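J.: In case you want the letters, here they are:
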Amino acid sequence: MEYRLVGTAVPRKEAGRKVSGTAEYVDDVRLPEMLHGVTVRSTIPRGHIRKISFDGAIPWHEFVIVDARDIPGKNVVSLIYDDQPYLAAERVNHPQEPILLLAHADKHLLERARQNVHIEYEPLPAVFHLEEALAAETVIWGEDNVFKRYTIEKGEVDAMWSEAAFIVEGEYSTGAQEQLYIEPNGMIATFGAEGVTIRGSMQCPFYVQKALMALFGLPAEKVRVIQQETGGAFGGKEEYPSMLAGHAALLALKSGKPVKMVYDREEDMAATTKRHPSKTRHRTAVTSDGRLLAMEVEFSIDGGAYATLSGVVLSRGTIHSCGPYRCDNVRVRSVAVATNAPPHGAFRGFGAPQSLFALERHMDKIARTVGLEPDEFRARNLLRTGDSTATGQVIKDPIDLVRLQSRALDSIGYHEKRRRFPVENARSRRKKGIGFATFFHGAGFTGSGERFLQSVVTLEARAANRVRVLTSMTEMGQGTNTVLAQIAGEALGLCYEQVEVTNPDTAEVPNSGPTVASRTAMVVGKLVENAAREMKAKLPSHDFAALGPLRVTVQYKEPPGIFWDDALYRGEAYGAFSYATYAAEVTVDTLTGEVEVNDFVALQEVGRVLHPVLATGQIEGGVAQGIGMALYEKVVWRDGVMVNNQMTNYVMPTSADIPNIRVYFEEIPYEHGAMGAKGIGELPMDGPVPAVLNAIENAIGIDFDHAPVLPEDVLAKLAKRRVA
Amino acid sequence: MPKRTVSLVVNGRPQHVETHPMSRLLDVLREDLSLTGTKEGCGEGECGACSVLLNGQLVNSCLVPVGQAEGARICTIEGVGQHGLHPVQAAFISEGGAQCGICTPGMIMATIDLLARYPEPALEQIREGLAGNLCRCTGYMRIFSAVQKAAQAGP
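Read top to bottom, the protein sequences are chains A and B. Read in the working numbering, the first sequence has 223 at position 223, and its numbers run on one by one without any break. Count along the second sequence from 1, then add 724; that gives the number in the working numbering.
Treat the hints with care, since some could be wrong.
Lysine-lysine pairs mimicking BS3-like chemistry, simulated, CA-CA at most 30 Å apart [claimed, not checked]:
| hint | chain 1 | residue 1 | chain 2 | residue 2 |
| --- | --- | --- | --- | --- |
| 1 | A | Lys222 | A | Lys210 |
| 2 | A | Lys222 | A | Lys254 |
| 3 | A | Lys257 | B | Lys727 |
| 4 | A | Lys279 | A | Lys717 |
| 5 | B | Lys873 | A | Lys107 |
| 6 | A | Lys279 | A | Lys51 |
Quick caveat, the hints were computed from the structure, so don't treat them as lab data. Quick caveat: nothing in here was measured; it's all calculated off a predicted structure.
Given these sequences and hints, build the entire structure.
T.: Take a look at the structure:
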């Protein structure tokens, strides 16, 4: 099918205001009489609050001070479980837990005041590691520190071990990762007769609305949430904004004035969510000719002190843990546990980067054990059309993953380099290596999630042949405004410029679900497409104005033939998967331990590419975050506290660190996605870490089963090998 | 510390600000002069979101006490493209160099500085030249394209 707008590189809708500095982010907003707010936080991991004193030469009478007793409704951040308070009343369960809120017009005085609140505690024993949490000698959450468990069972795993020519075991782990959006979290709240109004940086305005309705005991129409321009999110502004918006609103209620709360970088890094640390054990039965007989996987993640989204992150990680491979006998057991660290949360990929890292390292290990090249071993096991995934989802796409993988490897000269590098490496302290990963990522909410969301979008025809798209999908850099306008314009036969995308404001837009899970273009975009086609059918001529104002609203309906069993974790886990092979070439300096990525190929099949420049930018950005997770970004913990909570010592890749990232797309249109699109937002996060670590192993012959790999880790392993 | 008057020329206009001399130039621009195009990402000179030109030199405005900028010429993003889009801004739009946009004003100031020093920069010069400005969205590739395109367009 030929398109006019879809597939072209129209200019980003809001690009003009972004390049001119006029885009309005939350910290750029100043309201009359506005106060600033700060949070007084716990300094211990776990214990009882015994005494709070307000010391020093601070004019405390000028301050608005809020504690848990000021909460008019429920003191819980309403999400999945009601376990996390807005403000700790009597007990704290992690360092940085909010206890008090202060507001004042003078930011500098406010900071001095915060430092002069002293809180005495009676400490309780705390838990900081996955293993300790699972051992449950100290119980800090529920009866056994377990937020959630899942089991996937397929075939007869136990019967296969005796038939295996090889049994390969491995254990892999990943550390926490900070989203590091360049704009920290921030919110402004006002309270008046009309209720509470929130303006801020966020992914999910209706999550914030739901949370504040419970906090204040207000109906939906009294809680209005407006998204400001949002300076990056990556999952880090999925659930946390509900907390911060509630805090600003509590101060606004008590003071009767608008209150702005914007975290500085150190507070944002120390107190808000990060990617879940993980541990994965694999035990795999393989035939003598390199076919997967049985896969047994144990996947565990550290959720921090409260449940937040950990169960859902665990779900996605669990379902992705066996990757795009054919295996008739599978058992996956997974668990999310509590520790006394600030809650971990959503971060691009949402559990899949952790479990796919483990899998793609393990696939290289199996190949080595079996004596096959890594690509040949994978090729013998990659899913083909008609095969089924770990949950029994039958692959219907006409996808050829073996060809996809070969094309990516040819693009980077994989086989030639596998032969050449060992020869060159023998003469140099700088060792070159090449590695890759083949993987998939499911788009949209898992299982029955999209059915429960019941997303709604509205299109509104206006004067002068202009159309407005009303959805709750937020623009946070990924291109929502642009692709939704392309889709609507395409289906209506309008120009791109005639379509306006309304800024998310709960008083104005319908609830189209959260802006997460690679669902915007594929799922919500499809609703926009359907609404536009319906509108066009009602308006045979393009003269919308002549027919008066017209609104068309459509709601999500599950595509036919989808079956998901939440109890058994079986069935169609996702509407669609996107598929990819990523390959990395690295140089390891054996003197300094530094690893440099020299070349990177990212080839993926993502359905129809709606906008080539935006799509390429999504992939490149995700690859850069993945390289960060592989080589640079290490959260250093001390008793539940992130101690390197500054950009100076938590290092993300700069322009000097990133190789040329070469992005290639294959497009097999997906019939239930907008104009054939599938999700791409999270996919690029899954491949870089295993690709880079596989390349390091190829360069120096040393296994790294933990990410990130820092120069000191390389030097330590090299030293250990010399001693051995 | 008592306040005093600090005089600056910001985007070609003389400004007199009553402030503490140790106030950060960033806060004076954003709060006293309402020039909110300059962003704060880290407050410690790592991310470059607050980059401005001070007497033609690229600085992190979060690290400059305004007292040290007495009499200086400051150029912020609001001073770029006052008479239509600057070629660097146009290139950031067409090449996809801006995603979330929070690093973009600083990145554009850094690009203008880079192109003043190297009108036809090699890729390595672009990589080094922008290494003080962090972008979490793009992986930098589209930004490199934007810089190259702006260089072709000329000043």
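J.: Keeping to a limit of 30 Å between CA atoms, is the pair of Lys279 of chain A and Lys717 of chain A held or broken?
T.: Roughly 20 Å separates the two Cα atoms, so the pair holds.
J.: Hinted pair, alpha-carbon criterion (30 Å max): Lys279 of chain A, Lys51 of chain A. Please report holds or violated.
T.: Between Lys279 of chain A and Lys51 of chain A the Cα gap is close to 39 Å, so the pair fails against 30 Å, i.e. violated.
J.: Is it true that the CA of Lys257 of chain A sits at most 30 Å from the CA of Lys727 of chain B?
T.: Holds, because 27 Å separates the two Cα atoms, which is no more than 30 Å.
J.: Is the hinted pair Lys222 of chain A and Lys210 of chain A satisfied, with a Cα-Cα distance of at most 30 Å?
T.: holds, 11 Å
J.: Keeping to a limit of 30 Å between CA atoms, is the pair of Lys222 of chain A and Lys254 of chain A held or broken?
T.: holds, 17 Å
J.: Would the hint linking Lys873 of chain B and Lys107 of chain A be met if the CA-CA limit is 30 Å?
T.: violated, 42 Å
In summary, the structure is inconsistent with hints 5, 6 from the numbered list given earlier, while agreeing with the others.
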